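Peer 1: The primary structure of each chain is shown beneath.
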Amino acid sequence: MSRVTNIAVAGVGGQGVILASDIIAQAAAGCAHDVKKNEVHGMAQRGGAVVSEIRFGSLVHSPMVPDGEVDVLLALELLEGLRHVHRLRADGLVVANELRVAPAVRPPGAQAYPRDVLARLRRTGGAVVTVPAAKLARRAGNARAANTVLLGVLSRHLDLPLEAWQQALRACLRPDLVEVNLRAFELGRRRRTAPKK
Amino acid sequence: MTVTIAEGAERVLLSGDEAIARGAFESGVTVATAYPGTPSTEILEALAACPGVRAQWAPNEKVALEVALGASLAGARAMASMKHVGLNVASDPLMTASYTGVRGGLVVVSADDPGMFSSQNEQDNRHYARLAKIPMLEPSDGQEAKDYAVAAFDLSERFDTPVLLRITTRIAHSKSLVELSERADHPPEGFVRDPAKTVMVPAHARRRHELVETRALALRDYAETCSFNRIEKGDRRVGVVVSGVAYQYVKEVRPRASILKLGLTHPLSPELIRRFARSVDRLYVVEELDPYLEEQIRAMGVKLSHPPSTPRTGELSPDAVARFLGVRRRRVRGPVQGLPPRPPALCPGCGHRALLTAVKRLKAFVSGDIGCYTLGVQPPLQTMDTCVCMGASIGVAHGVEKATGRSNNMVAVIGDSTFIHSGITPLIDVVYNQSPTTIIILDNETVAMTGHQEHPGTGRTARGEETHPLSLEEICRAAGVRHVSVVDPYDLKTTQDAIRSGLERDEPTVVIARRRCVILDRERPRRPLRVDAERCIGCGLCLGVGCPAISDVTPAGAKKKRVEIAAELCAGCSLCAQVCPADAITEVADSE
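Chains as they are written, first to last, in our numbering: chain A, 4 to 200; chain B, 342 to 933.
Extracted from the complex, chain A is given alone in its bound form (with noise of 0.2 Å):
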């Protein structure tokens, strides 16, 4: 029995957590995998901390990955990749949007936002992949399509052909979008980043 990959996605309510959650998940069933998916929804899309968990191989028992056992952690902002990088194997990977949002409520006597949040990603995280993803999503066309950037990158380092990604954009975005999301997802597909310890 094949192993089983899996992947962790992290963000903030809004980010659109899910849709890019949905959209690997989709690129695996494509390949005839097994694939489970989890995610959190309700009180916390309300600018809170999301995240989702895909996992795939020739079968899949558990929804839930294990701790100590994700291959690669998809951080849309920084501080929720730090918030979830411990749940990753020692040779694990971060593909992390270069991204600062602040909490939206400050409640007494928390943390203020890090400000050393990609040193210290860097420090525990292990192999990181950083990515001005906005910025290479704008010259594709749409500042929105950030996430299917980092699917790009993050597509390099999963054992799934481009075919299957590009049909499971096709099947999760609204069908306006897919041509600005296939020029992103290339973009950030195409980009040259070796990990940094």
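Read the hints as simulated data drawn from the structure, not as lab findings. Since this is a predicted model, take the numbers as computed values, not measurements. Virtual Cβ for every residue (Gly too), placed ideally from N, Cα, C. Some clues are possibly wrong.
Now the stretches of chain B that chain A is said to cover, found in silico as 3 or more residues with beta-carbon under 8 Å [to be verified]: (1) 588–594; (2) 648–661; (3) 680–686; (4) 716–722.
In silico negatives: residues of chain A with every beta carbon more than 10 Å from chain B [claimed, not checked]: (5) R109; (6) A122; (7) R123; (8) V132; (9) E166; (10) Q169.
Put chain B on the given structure of chain A with help from the hints.
Peer 2: Same frame as chain A, now just chain B:
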């Protein structure tokens, strides 16, 4: 959120909710009804998109189940879906529907929320199946969610009983691959007069209760051999009895264990369980929340190998199951410490924030309710003093006033949909028993928290058709409230005055704070606001409204507080400008 079930594919990715909807659709369900509630909402949303299904939102879960029962008695297959606490509301018809039985298959879906991702408690609704003496099915993934939904209709008709299909958040909101089949039509035959079955007066109910007990015995025999329960032979040293999503966790962390997987968890199958127990050296029961299986299995005289049970609080996980079964795991790191939390917050421009700010300025206690506005309990607003269940705000405020005399320092705060769900009867009580309660209905014209569903006040059905919009004002006046006013919460002074008059008055008052949910209102952009640094006196009052668009950017060591408004987040509601004593917050000019 829209949910669509893709057609034409052999296996499609569906959430447990969508899979249940698909199962109901394929079973020829005619009537499906629900009240929105996380994690069950998407079941009805998916059914509303299915052709041939009369899918509708009910004002509350009790009504939903009564409508579904009626449909069943007319021979149709019917489904009522709800979150776990919704079944409390629907428990009255459920208990007696167990006596009447069904004609068309009647399936009640309870979506429990262990871990309370979006709930006020984590009750274990498996107890309802025992209480109502009805069969209960618990799927462990999307495919089973669909298959069990289909089987539930057959089971319901075969045993003349409602069937409880019980899922949890991790089933409802996890996606997995599901095989689709065609819809098999199940046309209703129409209502048939049969008072002994459908009129539950004592004389009839006594006979029906006998039948319920006979049915329970027949169901127990069925449980021994049915295909929902199966033994997976493995390592005979460890045997695990398990149901629901926890089955997947056991397979994940102990793939070689012997497993008794229970799909039918009420009634249990004593012979099957004893036989399994005899076939293994050590026997474990893995279950989420209450020791529901464990206590019944111990009562069968079966010895378990574990004194401590799986945790009774919170959600299970593969890791928790591994710990419980003594599986040695690789050492894993703990979370990074000292990170700022990111709790959900009311959106910029949310009318609830404006209303709660008005209440806060009046220093009143707030008897709260279930909805986005419950987020007002968080700093810096901190304007929520009670939250219990749907509609409780009004009754609790009424009770506080009865206990303390006319202290007039509490308001009840309730959303539009919550008011329609369970706020009308306590309002009638307020008027009837002459309490001077001030009730604020936060009317954002939608069920916001569960993802913007329609309700009887919106004038649209679950399928998007136009219908009569219920008038909150008229309902309140009809209940006998003489002082009903409608305000725009964006107008802070008028809102505050209306609430103050209510607090001062010795009569019931209803203030309807009407402002469409800002998420639905984004097509009408307002001009964002900015802080004029020269006029700003650094008092920080604007920060006190807790708007995500406003942040404290005071440089370290600076004497005066500095505040900034993020133009890309600002919805232009002007609440901060209205609380600013120095007129330092103004609209961004065109040139900026």
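Peer 1: A separate judgement is required for each hint: does it hold in the structure or not?
Peer 2: Cross-check of the supplied hints:
Coverage of a stretch by a chain is defined here by at least three residues with a beta carbon nearer than 8 Å to that chain's beta carbons; for the stretch 588–594 of chain B and chain A the count is 5, and the condition holds. Counting residues of the stretch 648–661 of chain B whose C-beta sits closer than 8 Å to any C-beta of chain A gives 3, which meets the bar of three, so the coverage hint holds. Counting residues of the stretch 680–686 of chain B whose C-beta sits closer than 8 Å to any C-beta of chain A gives 7, which meets the bar of three, so the coverage hint holds. Counting residues of the stretch 716–722 of chain B whose CB falls under 8 Å from any CB of chain A gives 4; the rule of at least 3 is met.
The claim that R109 (chain A) lies off the interface is violated: its Cβ sits roughly 7 Å from the closest Cβ of chain B, which falls inside the 10 Å cut-off. Chain B leaves A122 (chain A) outside its interface by the beta-carbon criterion, the shortest separation being 12 Å against a cut-off of 10 Å. With a closest Cβ-Cβ approach of about 7 Å to chain B, R123 (chain A) is found to fall inside the 10 Å limit, against its non-interface label. Residue-level check passed: V132 (chain A) sits 19 Å from the nearest beta carbon of chain B, beyond 10 Å.
Distance to chain B confirms E166 (chain A) as a non-interface residue, since its nearest Cβ pair spans about 16 Å, more than 10 Å. Under the 10 Å C-beta cut-off, the non-interface status given to Q169 (chain A) relative to chain B holds; the minimum distance is some 17 Å.
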